[in-house]
Amino acid sequence: MSETKKVEFEYSQIDSERMRLNVGPQHPSTHGVLRLEVELDGEIVTEVVPHIGYLHRCFEKHAEKMTYPQVIPYIDRMDYISAMNNEWPYVMGIEKLMGIEVPEKVEYIRVIFAELNRIANHQIAIATFGLDAGAFTPFLYLFRDREFILTVFEKASGGRLLYNYYWVGGLAADVHKEFKEDVLSIVKQVRETNKEIADLLIYNKIFIERVANVGILPADVAINYGCSGPVVRGSGLPFDLRKDAPYSIYDRFDFDVVIGHGEVGTVGDCFDRNIVRFHEMEQSCRIIEQAIEQMPMDGDVREKLPKKIRPPKGEIYTKAENPKGELGFYIVSNGTDKPERIKSRGTSFVNLSVLPEISKGYLFADLIMILGSVDIVLGEVDR
Amino acid sequence: MEQQILTLYDWVVKLSSSELIALIVVITLPLVFLIVYALVAILGELKISAFIQERLGPMRTGPWGIIQPVAEVVKLLQKEDITPDAANKPLFNMAPFLMFTAAYAGFAVIPFSSHFVPAGINLGLFYIFAMGSLAVIGLVMGGWASNNKYSLLGALRSVAQIISYEIPAAIVILSIVILASSMNLQVINANQGGWFWNWYVFGGPGTAWKIIIIPITFSMFLLYLIASLAETNRTPFDIPEGESELVAGYHTEYSGMKFAMFFFAEYANMFVVAALLSILFFGGWNSPFGDFMNGPIWGVFWFISKSFFFVFVQIWLRWTLPRLRVDQLMGVSWKVMTPIAFICFFAVGLWTMFN
Chain A
28 MSETKKVEFE YSQIDSERMR LNVGPQHPST HGVLRLEVEL DGEIVTEVVP HIGYLHRCFE
88 KHAEKMTYPQ VIPYIDRMDY ISAMNNEWPY VMGIEKLMGI EVPEKVEYIR VIFAELNRIA
148 NHQIAIATFG LDAGAFTPFL YLFRDREFIL TVFEKASGGR LLYNYYWVGG LAADVHKEFK
208 EDVLSIVKQV RETNKEIADL LIYNKIFIER VANVGILPAD VAINYGCSGP VVRGSGLPFD
268 LRKDAPYSIY DRFDFDVVIG HGEVGTVGDC FDRNIVRFHE MEQSCRIIEQ AIEQMPMDGD
328 VREKLPKKIR PPKGEIYTKA ENPKGELGFY IVSNGTDKPE RIKSRGTSFV NLSVLPEISK
388 GYLFADLIMI LGSVDIVLGE VDR
Chain B
5 MEQQILTLYD WVVKLSSSEL IALIVVITLP LVFLIVYALV AILGELKISA FIQERLGPMR
65 TGPWGIIQPV AEVVKLLQKE DITPDAANKP LFNMAPFLMF TAAYAGFAVI PFSSHFVPAG
125 INLGLFYIFA MGSLAVIGLV MGGWASNNKY SLLGALRSVA QIISYEIPAA IVILSIVILA
185 SSMNLQVINA NQGGWFWNWY VFGGPGTAWK IIIIPITFSM FLLYLIASLA ETNRTPFDIP
245 EGESELVAGY HTEYSGMKFA MFFFAEYANM FVVAALLSIL FFGGWNSPFG DFMNGPIWGV
305 FWFISKSFFF VFVQIWLRWT LPRLRVDQLM GVSWKVMTPI AFICFFAVGL WTMFN
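Same order as they appear, the protein sequences are chains A and B.
Just so you know, we're using the working numbering here: the first sequence kicks off at 28 and counts up by one.
Just so you know, we're using the working numbering here: the second sequence kicks off at 5 and counts up by one.
Calculated directly from the structure, the hints in this document are not laboratory data.
It cannot be assumed that every hint is accurate.
What the hints assert, rightly or not - Okay, the calculated bits of chain A under chain B, using three or more residues with CB under 8 Å as the criterion:
hint : segment
1    : 49 to 58
2    : 147 to 161
3    : 165 to 172
4    : 234 to 243
5    : 388 to 399
Stated by the list, open to error - Across the chosen pairs, the derived CB separations fall in these ranges:
hint : chain 1 : residue 1 : chain 2 : residue 2 : range
6    : A       : D226      : B       : G299      : 53 to 59 Å
7    : A       : S212      : B       : R59       : 18 to 24 Å
8    : A       : I250      : B       : I347      : 38 to 44 Å
9    : B       : V340      : A       : M46       : 27 to 33 Å
10   : B       : M261      : A       : Y344      : 56 to 62 Å
11   : B       : N97       : A       : E219      : 49 to 55 Å
12   : B       : L226      : A       : P245      : 37 to 43 Å
13   : A       : E219      : B       : F296      : 42 to 48 Å
14   : B       : L226      : A       : K182      : 46 to 52 Å
15   : B       : F130      : A       : M46       : 25 to 31 Å
Using N, Cα and C, we set each Cβ at its ideal position, and we do this for glycine too.
Just chain A, same shape as in the assembly (with noise of 0.2 Å):
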């Protein structure tokens, strides 16, 4: 299957006009408000542009004016699909230039939750991209999955979405008593689900015609363009921030990184892309089991802490493997109890950049498909 050759389209010889095509703000398949000016010669992609900012919300502006403990809230709404993967750099950064250490327990719980949302992020972008190659059901069939996380999630912090649960020096509160049997009952059904998804979705054979050969990005451009996550990993490098730069207690965990081999097309298509996502989602299952298993049930939360966090003065940059690839946080302080300046590094702005030079030559189709792929979230492209 390996030689299916690369999809290629010829432009036309006839001299004919190029169509300007606005995708979005308002369009099915944009995943928010992208908005992509499309030129198409026929329905064959020449050129796109993104437009973006229809979200921004100033972000960093805004943290200027907030306490550390109050822009947590705000950065949950950057990537709003996997928000307790986002809070995780940030406080890191903070207990780091206030050398705070966390306790034991509160390093578990974070790395479940972290691991949990990394599958109910996975679970999405798969869902979604499913979604628009036109495959209705595994999309219903993932959401039903994820409420099961969900109400993990709510049971612990009391959001379903948005979550303001690492908090600077701990949690926000502790894990229900049943927590470690709800965990295992939801890695259980996700395996269970994943393994109805790989039939009726990932290896269909027309889902299969779909994503091979499309959308391929090579692992230079994939460096040069600063992707991280599974768009990197799936051109077939193992970067992975877990295992590379190892944070918290990942050093404990026995996985594996997953990465794309090209198997039914050319390395780095949309298919690998995908299939990495899948993959990783039962790699943070066993990551889970660890944790599960190693994880303390008694014991506090949360630190004894001042009533006013003011980190010394400094400068610090953490970043973490967010599931879209590598949030980064550079937080300036200077002494008070509000941060000088923070930046953050958001992942789908990065990866979202490679649009353009991956899906020329393209068609249309195949062009939402790509912009699928890449998993974006557009609360943290804007930000």
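Given the coordinates of chain A, work out where chain B should sit on it, guided by the hints.
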């Protein structure tokens, strides 16, 4: 079929002693059936998709939501009927009705029972096919007149698609015409009388030697099933209205009752191709079990249940499969289906010659 059978038309003439009333009855019956069928099919679509996706579907309107389709039609009737400023108004307003007319015209030759066919013309198959092609004009009119780039793309795609898929479908139908040596749908139905092994999907009536032809006729059935999906713009061939790419394709700009007309036309087309499948391959109004439950009234039951089964298959596929891409769709038609259809055509021709 030249015998003097008492058809519904004759019966009404006898009863009311007026040919006009009989004509009106014969013309309106399919329309009434179409409206009832469309409501049932919409409910079926809602409930079957809900079942597939582990949902409940509509539950609030009536018991188990069974009057939901009525509510939806009423909602569409109340909606504002928007005509875009930049649209070509006459064409824009005409397109949905042309679509619906084309779909409804197909019902004229569909034999519901051995004693009831609205118009028993000898070129029934040919006529149905011609009416199916007329729908393309409605699509292009709607897509072009909307003055919307998405609509235009959708319309162009659907023309390419429907014209391409008519070729394998036409060849398959021609093969059936060879087998039945008639284009009259009533004759084709009557030929398949008796037990279910006389159906054309199983090679038609004949001796045990017809086992040679069964693979051919069965693949003809599959070819026509696939082609009919493409002709009704249903998934996996719903590229003209591919939601994720073209928003809603050729009917992006339509609202209210004009949109409902497109919707009705789609469902009517679904029934026409399902009816053709059941007539050409599954004996139409014939009972599968010889004389058991056979007759003009039972014929209606058999015909409608067979057709509904194929409508169900279309709904089932829609909620299971992803969508093909436009070039792959054309590839499937020209590179795979048309050659196979030709092979079937020749095989059937040879078989009929030596039989």
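Quick rundown of the hints versus the structure:
Here the segment 49 to 58 of chain A counts 3 residues with a CB under 8 Å from a CB of chain B, which clears the bar of 3, and the coverage holds. Counting residues of the segment 147 to 161 of chain A whose beta carbon lies closer than 8 Å to any beta carbon of chain B gives 5, which reaches the threshold of three, so the coverage claim holds. Only residues whose beta carbon comes within less than 8 Å of a beta carbon in chain B count, and the segment 165 to 172 of chain A has 3; three or more means the coverage holds. For the segment 234 to 243 of chain A, the assignment as covered by chain B holds, since 3 residues bring a beta-carbon within under 8 Å of that chain's beta-carbons and 3 suffice.
Only residues whose beta carbon comes within less than 8 Å of a beta carbon in chain B count, and the segment 388 to 399 of chain A has 5; three or more means the coverage holds. Evaluation of the 53 to 59 Å hint for D226/A and G299/B yields a failure: the beta carbon distance comes to about 44 Å. Against the hinted window of 18 to 24 Å, the Cβ-Cβ separation of S212/A and R59/B comes to about 22 Å, which satisfies the hint. Between I250/A and I347/B the CB atoms are about 51 Å apart, so this pair departs from the stated range of 38 to 44 Å.
Between V340/B and M46/A the beta carbon distance is about 30 Å. The supplied range of 27 to 33 Å therefore holds. A hinted range of 56 to 62 Å holds for the C-beta pair M261/B and Y344/A, which are about 60 Å apart. The beta-carbon spacing between N97/B and E219/A, approximately 52 Å, falls within the hinted interval of 49 to 55 Å. At about 40 Å, the beta-carbon gap between L226/B and P245/A stays in the expected band of 37 to 43 Å.
Here the CB-CB span from E219/A to F296/B is close to 45 Å, well matched to the stated 42 to 48 Å. The hinted window of 46 to 52 Å between L226/B and K182/A holds, with their beta carbons roughly 51 Å apart. The hinted range of 25 to 31 Å is not satisfied by F130/B and M46/A, whose Cβ atoms lie roughly 38 Å apart.
Going down the numbered hints, you'll see the structure goes against 6, 8, 15, while the others check out.
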